[in-house]
Amino acid sequence: MEDETDLANFALDYAMKKGVSYAEARYEHQEQENFILKNGVLDALYVGQDRGVGVRVLVNGALGFAATNLRTKSDVRAIVDDAIKIAKASRRKTKITFAHEDAIEMNWSIPEQRKLADVSVEEKIAEVQSVDRDLMALGLKIPARYFQFSDNRIVKFFANSEGSRIRSYSPRLRVFYFLTITQDGQVEQTYRNYGWSGGWEGIAEWDLRKRVIDEAKSMQRSLVEGKKSPEGKMDLVAGPQVAGIASHESCGHPTEADRVLGREASQAGKSFIPPDGIGMRVGSEVVNVVDDPTVEHAIAYYRTDDEGVKARRRYLYKEGRVTEFLQNRETAAAMHTRSNGSARAVNYNVEAIVRMANTFVEPKDYSVDELLEDVKFGVYMKSFMEWNIDDKRYNAKYAGREAYLVENGEVKHPVRNTIIELTTPAFWSAVDAVGKDLDFEAGFCGKSDPGQALDASLGGPTIRLRNVYLR
Amino acid sequence: MEDVSSRIVEKAIGLGCQDAIADVIANRSYQIRFAQNEAVISNRWRESTASVFFVYDKRVLASDIKDLSRVDEAVERLVKIAKSSQQNPDYAGIADGPFRYARVRPDPKVLSLDEGGKYVEAAIGGATDQGAKECAGSFWKYEDEHFLATSNGVEAHDHRASLYLSIRALLSLESSGHGIACATRLSQFNPEKAGRKAGRIAALARSPKPGKAGRYTVVFDPLIFGSLTDQTGGRLGAWMVMAGLSPFGKKIGKKVASSQLTLYDDGSGESIARKRFDAEGVPTRRNVLVNKGVLKTYLHNTSTAKKFRTKTTGNAGLVSPDPHAIFVKPGDRTRDEIFSEVKDGLWLTNTWYTRYQSYVTGDLSTIPRDGIFHIRKGDVVEAWKDIRLTDNLLHLLKNIEALGDEPEQMMWWGEVSIPNSVPYARIKDVGITKSAE
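Chains A and B, in that order, give the protein sequences.
Under this note's numbering, think of the first position of the first sequence as 1047, with each following residue one higher.
Under this note's numbering, think of the first position of the second sequence as 6, with each following residue one higher.
One should not assume that every hint holds.
Unchecked claim - So these bits of chain A aren't anywhere near chain B, every CB distance computed over 10 Å:
1. Y1060
2. L1109
3. E1147
4. Q1159
5. D1164
6. S1166
7. S1176
8. I1200
9. S1214
10. R1238
11. R1257
12. E1365
13. K1410
14. S1413
As the list claims (entries may be wrong) - Below, simulated SDA-like cross-link-like pairs (lysine to any residue); rule was C-alpha separation at most 25 Å, straight line:
15. A:K1119 to A:R1138
16. A:K1119 to B:V9
17. A:K1187 to B:K312
18. A:K1273 to A:T1236
19. A:K1279 to B:K439
Simulated from the structure, these hints should not be mistaken for lab results.
Note that beta-carbon positions come from the ideal geometry of N, C-alpha and C, so glycine has one too.
Generate coordinates for the entire structure from the input sequences, incorporating the hints supplied.
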């Protein structure tokens, strides 16, 4: 990677000679393989290699960014010139500054027990096909199904004009699947998404075969035995997938500082939490929600962010109150604080902005049985299908996929399409107990323009909500 | 660049592939993002990529070659991987060329545009003139050049350039409006008008009250109607139907919408997504998808067309067919008539986060954002907030009562993924829900 390091250093030297107050260069090399197995047939195999350099400069209090995959010195010089020129043309009245960070030099990589590069594409396809075969052996009516497998090996070199030099290697693995099961004219659909930072051993860690089979059986049971979900105020026991999506949507997104400050207003929106909202109550005292890039093997694992800031756990909500915003250096300066290492970009060719990593409800000590035994009447929603939330992150909806009626602590028959439609404070304030069965799924988090669909994980243990309206 | 495309195709065929496509794309786009009434970052790209598609004994492989200085090496590696892959029995080849293409050239004034600050300022000025306090959005100059070669005789070139601006104007967190400007010619680009619209809606949305659940007749502004038609066009791709991601399966020849609705896809039509050919080199053309409410066709590439026993519609992506640009045939109502015929209903201006409980049935919900208005006899009674549209895609399409006579080109981050040229629409019996107390 010596020549690529040289290119990044060359970009910095050239930018500093041009008189910028700050410059950074990000070189990235991504090697991807992905394929879709649709209705048992390998649709197409995609194999890609992408590498290039992105340069961001701060000039007269304005930001310019330019990127190229043409890795010659003349092209790198051209993008530095581009970035400076367009930054100068910004004519900002208020000057952008960056919060202070000490320069760091670091090499880090995620270990692989079995390197992704050493696993043949035939083996990858065969693994997914064997899961598909076992699924079809159940004999269910599955008119449409697809599995999407992808892996990505990401090498990065970050350098900035303050002296930071960071090399990293992140191998990532992902499986997404989507199933349609029918019975007597009724349809049930699902999708699930699993991610892993590390090597091929991730496949075994997920236990994908069992998860897919269990999901299909629960769909069939819902179709055969499922009844209308009860309507009214009752208790809700929500599984890790539901806790995870709620953590991501109504805790992670509203605490993104760029959203709070209005930088995303036209796209991903703003936040119901105002800039001075630290300490605001949004949930009960048992609610701790964290975002943590250092969870080992989670798909959004990293040790330094894309501004060269060390990663650490962030408590977004602690004991039900807003505790910390996710910050990059730009938002931190605007809020008179420090970055907490939340800047990420999907590749070298887009700016790094404030992003979540692995967001989850912090587990406590209840077993699932203990959470259920105290419920006189309610719903146990293990997973969801439809969901959405408004652009201020206040009104959320989660529609059940796998859910059951609970009476006097006993799990009864499946209930179909249970709807949770609550405000963020109503949801989190109703939580009275938190389980210990922490589990994660992967997601793609969308934000920014051009859109950056970024690896994220969403998780939590099972949680119990008291006396909420369901339908 | 033509040489590179042809060389890739020749190399792949020389290595034993039966079909090969190479689309060398030079991207020279430029963007200004703005927020709090100022530019927050300006971006520029200098990228060249060869998107390639190789087929070896029905083993299908797609890739992007980013290092065009070493294409021979890349092709050799990719063909080797393709040989180790598995056959796709559904694969049915690529289109036979050569083809004749329409003459389309980008506006030289768009190509030479090097600085977009004044357009951002015009949009912000338009919004603040209407009372907006905070504006955010993006200005884009899109420019990319395609050099396409296929093993079936296609050698084609397309230089595409257009201008785009999206602006959200806010008076407060809950009082906002959105405006869009799209143009392929500089003389038609009107960011100030987009800003004025965003500002006007934001001003009307001052001090919104919590909305009420129920079923309403709803006037859809072009931006939110574009979201609905974008969903429709996207889910008419044959791949989506086969994957269980569409409510239009087995509905060819059947009524899927009100007779008011005629909807077509047209990559050759006037839009910022105008292109001369699809990924197989087939000339783009108008394809009527829904005619007076009746579903006429899905969108196809050569392989999906064979599966459905029809012909390609010229909508090939490298793997699956997709819409290029959606157009709705204008109706016969003026904007005023669309509104004044509503005795008691809603006017929605934008939405986001459309998600399905079942893609096969079309059960969905989506969250209106920006101005939400309760209207009576066409007049705004009050601004609302905090509602959700909870309904079914087919139910919504079947309940279109009236369409406006002036389509506007809409495209927006997230929800309107490609240009949708759509008028105002009025839809009856639309389900509205809200968060429980």
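Quick rundown of the hints versus the structure:
1. Y1060: 15 Å, holds
2. L1109: 4 Å, violated
3. E1147: 19 Å, holds
4. Q1159: Q1159 (chain A) is indeed farther than 10 Å from all Cβ atoms of chain B, at 23 Å.
5. D1164: 14 Å, holds
6. S1166: At roughly 7 Å from the nearest Cβ of chain B, S1166 (chain A) sits no farther out than 10 Å, so the non-interface label is violated.
7. S1176: Given a closest Cβ separation of 13 Å, the condition holds.
8. I1200: 14 Å, holds
9. S1214: 20 Å, holds
10. R1238: Per Cβ check, R1238 (chain A) is outside 10 Å of chain B; nearest 15 Å; holds.
11. R1257: Label holds. Min Cβ-Cβ 19 Å, cutoff 10 Å.
12. E1365: E1365 (chain A) is indeed farther than 10 Å from all Cβ atoms of chain B, at 24 Å.
13. K1410: Holds, because the least Cβ-Cβ distance between K1410 (chain A) and chain B comes to about 26 Å, which exceeds 10 Å.
14. S1413: 29 Å, holds
15. A:K1119 to A:R1138: With a Cα-Cα distance of about 30 Å, the restraint between K1119 (chain A) and R1138 (chain A) is violated, given a limit of 25 Å.
16. A:K1119 to B:V9: Cα-Cα ~22 Å, so holds.
17. A:K1187 to B:K312: Holds: K1187 (chain A) and K312 (chain B) sit about 21 Å apart, inside 25 Å.
18. A:K1273 to A:T1236: The hint holds at about 18 Å.
19. A:K1279 to B:K439: With Cα atoms ~15 Å apart, K1279 (chain A) and K439 (chain B) stay inside 25 Å; holds.
The structure shown violates the earlier hints numbered 2, 6 and 15.
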